[in-house]
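Protein chains in written order, with this note's numbering: chain R, 1 to 645; chain V, 646 to 1148.
Mixed in with the good hints there might be a few duds.
[To be verified] 30 Å max Cα-Cα, derived DSS-like pairs, lysine-lysine:
#  : chain 1 : residue 1 : chain 2 : residue 2
1  : V       : K1017     : V       : K1140
2  : R       : K115      : R       : K27
3  : V       : K1094     : R       : K617
4  : R       : K165      : R       : K115
5  : R       : K115      : V       : K754
6  : R       : K590      : R       : K168
7  : V       : K1100     : V       : K1017
8  : R       : K578      : R       : K590
9  : R       : K610      : V       : K1094
10 : R       : K115      : R       : K168
11 : V       : K1094     : R       : K590
12 : V       : K656      : V       : K1102
13 : R       : K176      : V       : K1094
14 : V       : K1115     : V       : K683
15 : V       : K755      : V       : K680
16 : R       : K610      : V       : K1102
17 : R       : K610      : V       : K755
18 : V       : K1115     : R       : K27
19 : V       : K1115     : V       : K805
20 : V       : K656      : V       : K805
21 : R       : K554      : R       : K610
22 : V       : K680      : R       : K595
23 : R       : K176      : R       : K586
24 : V       : K680      : V       : K1017
25 : R       : K617      : V       : K656
Since the hints were derived computationally from the structure, they do not count as laboratory data.
One letter stands for each residue in the lines below.
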Amino acid sequence: MVNYIYLTVLFPLAGFLINGIFGNRIKNEKIIGIIGSGAVGLSFLVSLFSFFQLLGMPAEERSVIVNLFSWLNIGALHINFGYLVDPLSIVMSLIVTGVGFLIHVYAIGYMHGDKGFFRFFAYLNLFIFAMMNLILGDNFVVLFLGWEGVGLCSYLLIGFWYDRKFEKGTVSQAAKKAFVVNRIGDFGFLLGMFLIFMTFDSLNFQDVFAKAASFPVSETTFSFIALFLFIGATGKSAQIPLFVWLPDAMAGPTPVSALIHAATMVTAGVYMVSRTAIIFASAPVIMTVVAVVGLLTAFFAASMGLVQNDIKKVLAYSTVSQLGYMFLAAGVGAFSASIFHVMTHAFFKALLFLGAGSVIHSMHEEQNIQHYGNLKKYMPRTYITFLLAALAISGFPGFSGFFSKDEILWNAFAKGNFVFWLIGALTAVMTAFYMFRLVSLTFFGKERFGHEHHPHESPAVMTVPLMILGVLSVIGGYIGIPAIFSGENGNKFEEFLKPVYENAERKMVTYGTHTHFEEILLMALSVAFALTAIYFAYVIYTRRQEIAEKTSAKFKGLYTVLFNKYYIDEIYEASVVKPIQTVSEKFLWKIADNKIIDGVVNGTGILIEKSSNVIRKLQTGIAQFYAVVMMVGIAVVLFWIILSL
Amino acid sequence: MDVSNIIESLKLIKPEIAVSASLILVLIFDLIFHKDKKLIPYVALLGLFATGYFVIHQFGTTGFGFATKSTFKAFGMVTVDSFGTFFKLLILISAVLVLFFSSFSDEIKKTTDRLGEYYVLIFGMILGMFLMVSATDFLLIYLSMELLSLSSYVLAGFTKLRDRNSEASLKYVIYGSVSSGLMLFGISIIYGLTGSTNLYVINSLIQSPQINVLALSFALILVMAGMGFKISAAPFHFWTPDVYEGSPITITAFLSVASKAAGFGLLIRFIKTGFAAMTLNNGYWMLNPIFDWKLIIVILAILTMTLGNFSALWQNNLKRMLAYSSIAHAGYLLLGLAVFSNQGIAAILIYFFVYMLMNLGAFLIVMLIADKLGSEDVDDYDGLGYTSPFLGISLAVFLVSLTGLPPTAGFIGKLYIFSALIDAKMFVVAVIGVLNSVVSLYYYIRVLKHMYLVKPKIQPVEIIPGLSQKFLVLLLVVPVLFFGIYFSPIVELAKNCVVLLGF
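Isolated chain R, as found in the complex (with noise of 0.2 Å):
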């Protein structure tokens, strides 16, 4: 089945065709579903027999190129359209297609009736095309066209309803943004790839990594190329400073955002950070700013996720902070960590926001969690897998998260320093914290909505993708399991994704060793933070609101603060958005562009306008002026021969 890898990718590629071209002609929501859902489905199938025949492997051969065309030959550029299965690349499609199954199951409750339901199944499938092709190829040109492909599709569903307000503007300002703030990324990620191609003659990843482990490079060119690669994966992956972007992404519809804006697209970054693990690895300066970038991405995000009231935003924010944990773990080195936390998060977050599109969805489009309470008498399904997403993602013993969560912060400490073990613990507990605020405002309590509303449960085509998605939040962490509670056996998603990392761990250094007992006692210490903030968060919100009001009137500078985000909208808006819109609307639009460029443009134009005038005229039409022309072009020549004899 490896070596029929390609289907993934065009299951979908097939269904965004059929859905895209004859969808308006269909018109029936059911077969355009089961065509959009069923395509990602096969795909998932497909993908599991190439994982069970890579697990029947010996571990050093779990490595297969599958090529399927040579595409760019110019040169001294080889480019083949060839996909690699891999450990790495298998576990990530396993999820993008597994989650993304659900996901799209899911949609064809939650888009009932939408006027442009075959446009968003089409977008969708593409999306997964994308995305496969990001994962699979075996080298940074596919990896790039793939790239590219998920910005442009998050673009197209970010703007789905593009004729909807949304906050202060439009929907389509939102995608808009989201897409340029991308652009910047992606221009980081081009000069990432310029620069190796410059220094190791290729761009297929054998190639690459193999020179990178042996090549005399020196470490400032390691050092750019990692930077670059990192600035493109901070644009994906919505980091500090690129990070403003996935907040206004809520715009679009919910099972883009599970889909999209959490579960996939944003973990490229760190799927790509952990293929190059070896550029990383070579670079330490680099892998110090990852892991400070992703912790302060992680800290300050949760700290944003505290105050919000828009169910989305919490979750985005609570999106944007667990990503900062992902790269924390790749910063420090621990990079199956950081998969590991993709996956658990995919399923976790992706089912926190179908259960809040659920919410959504009965309480007619209303989001702020202020004005819900008490819907588990309503939606009892939704609320029960709600709630198991939230003790995952809180790290509630036992669960997924838990042991992903954990496995960072003890690498954080252990590679890293006890500062970003504290700077995460602290991280976790302001998770536990937003996330139960948001389950006890919505779930628990009174009912603070109006009499318009009937709140209900969602069908079963919704509530089916939340309960699978529910059992693998609670039960998604056991092949992860530390080796110090599976004894022997050791880590068996870590010992699974060994061979991908070897060059890597070897250029690491490995500072001294720590016992057992450290890690039981961080891991108690962090478990036992998070269940506070848990009991506190639902003692607050349920049944002592004035505690929540004293407080944040007590700190109104800090809440106001975090409620606006620290204004780093604003910030951008006036340091960067404004200084530009002005130069460019003064300087580059009235000046440069109409006087200078224009006038060069036009000039240019009018000058060929002339002078295409002028030759047009010498087609007479006269036969012998032609044959006089002829003469006259070749005695030229004759004369220019004869001169230079």
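Got chain R sorted already, so can you dock chain V onto it with the hints?
The following block gives chain V in isolation, referenced to the frame of chain R:
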């Protein structure tokens, strides 16, 4: 020349024999069934397919046929190699497509009584072109060019529906005979200098210092002028717009692709066999330093594409616009030749394949629209993109491809031409070529502007192509898009076909 030589040689020209047989067959059919001409296109098609069988079989075959002197037994009048076979295939595919075009064309339908002649003459053209791309003897070169020219003179004015048909034909004859006269003059000088008409023999003789370089240059310029006429390179291009505009659109399409391909095949073979001392290991040719080959071809190329593009800018008649555009494309193709390397030849082959698809496609759409609209003026295309989405989008694809933008095949063609130039460190020339593409963008996109952005003054006609017409359009659109993304098959094929027999 002994009998065994003749038999061996006959085996090498099976495609040409098939074409001649089809020609005769069509002629006989025309005589027998002169009441009902419906069958003739099918007979012609059958003939083309039979020829196609032999052409495809010929891939990989190499050899010299019809040696003129027993002392030079190895070198004949005809040379068969993959390079020539590639061009034959190209000519044949465009012939098949033009045959289908003809069956849709209203112009051709109006001349049913002379349909037999039409196909006979097309076969005459094909035979001429086949011989052109494999000729290595001046006698055959001249004869095959005349065969092609004479057939096309008649076809250019075939329909006689309007004055401009006859005008086209007459101008073509006048201009063609002048250039063929010049060429013949050049050939006779070369014969006088070397005592041979065989290119291989000439190649070995002109190495000697006794040859008068000035006389040889003079003769060469004259011969190349004759070939420049066929590929409509400036300043020998003046006939092109008038003839293309006046001819039936099917013949215009055929001339713009097949005739040009044959001209290029001949020119390349002429230079390579006649004047290349050797081919270096890196694929570059060592040319006999009679004069600065590179400079002459570069100047011709730049002149050709600039004149073509600049004149196309203000054309309102689409057929005429496409005529100028085909001149510009000849310029790009000459750039590939100017590199004088196998890489450049590969680029030309790739470009020609792509050019065949997109240019024939553009002509087909213009023809389908003209049949309904009765006009080829771009002003009459206003709003057509909305009423006839299928034709509109297809034309858009072809025009974008002709400009050379990704993800269409046209981009690949230009990419390989320009990368061959870059490889040869001819940066300035490459930049001029790219700038020329920019100019061409204007007049190609102007058509799209009219189809999609200009508010029509009157309600535009709705043009719904028939199923078979749709199929034919798709047959050209799909490869243009497909090869824009997955182009390694053409590239591989072209790279395998660059080797010319000889030096």
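Results of checking the hints against the structure:
1. At most 30 Å may separate the alpha-carbon atoms for a hinted pair to count; V:K1017 and V:K1140 exceed this at roughly 42 Å.
2. For a cut-off of 30 Å, the pair hint linking R:K115 to R:K27 stands: about 10 Å separates their Cα positions.
3. Pair hint V:K1094 plus R:K617 holds up; C-alpha atoms about 25 Å apart against a cutoff of 30 Å.
4. This hinted pair checks out: R:K165 and R:K115 have alpha carbons roughly 17 Å apart, not beyond 30 Å.
5. The suggested pairing of R:K115 with V:K754 is violated, with an alpha-carbon distance near 47 Å, which exceeds 30 Å.
6. Between R:K590 and R:K168 the CA atoms are separated by roughly 28 Å; this keeps the pair inside 30 Å, and the hint holds.
7. Distance hint between V:K1100 and V:K1017 is fulfilled; the C-alpha atoms sit about 20 Å from each other, no more than 30 Å.
8. For the hint pairing R:K578 with R:K590, the CA-to-CA distance comes to about 16 Å; that is within 30 Å, so the pair holds.
9. A threshold of 30 Å between alpha carbons decides the hint, and for R:K610 with V:K1094 the separation of about 22 Å falls inside it, so the pair holds.
10. At most 30 Å may separate the alpha-carbon atoms for a hinted pair to count; R:K115 and R:K168 meet this at roughly 25 Å.
11. Proximity of V:K1094 to R:K590 is assessed by CA-CA distance (about 27 Å); at most 30 Å being required, the pair is judged to hold.
12. With a C-alpha separation of about 62 Å, the suggested pairing of V:K656 with V:K1102 is violated against the 30 Å cut-off.
13. For the given pair, R:K176 sits about 26 Å from V:K1094 by alpha-carbon distance, which is consistent with the 30 Å threshold.
14. Straight-line distance between C-alpha atoms of V:K1115 and V:K683 comes to about 22 Å, which keeps the hinted pair within the 30 Å bound.
15. Taking the CA atoms of V:K755 and V:K680, the gap is about 15 Å. The hint holds against a cut of 30 Å.
16. Of the pairs offered as hints, the one joining R:K610 and V:K1102 holds, with about 29 Å between alpha carbons and a cut-off of 30 Å not exceeded.
17. Annotation: proposed proximity of R:K610 to V:K755 is violated, straight-line Cα distance about 41 Å (limit 30 Å).
18. Distance restraint check for V:K1115 and R:K27: the Cα-Cα separation of roughly 25 Å lies within the 30 Å cut-off, and the hinted pair is therefore satisfied.
19. Distance restraint check for V:K1115 and V:K805: the Cα-Cα separation of roughly 29 Å lies within the 30 Å cut-off, and the hinted pair is therefore satisfied.
20. Straight-line distance between C-alpha atoms of V:K656 and V:K805 comes to about 40 Å, which puts the hinted pair past the 30 Å bound.
21. Proximity of R:K554 to R:K610 is assessed by CA-CA distance (about 74 Å); at most 30 Å being required, the pair is judged violated.
22. Straight-line distance between C-alpha atoms of V:K680 and R:K595 comes to about 70 Å, which puts the hinted pair past the 30 Å bound.
23. Simply put, R:K176 and R:K586 have alpha-carbon atoms about 23 Å apart, close enough for the 30 Å limit, and the pair holds.
24. For a cut-off of 30 Å, the pair hint linking V:K680 to V:K1017 stands: about 28 Å separates their Cα positions.
25. At most 30 Å may separate the alpha-carbon atoms for a hinted pair to count; R:K617 and V:K656 exceed this at roughly 51 Å.
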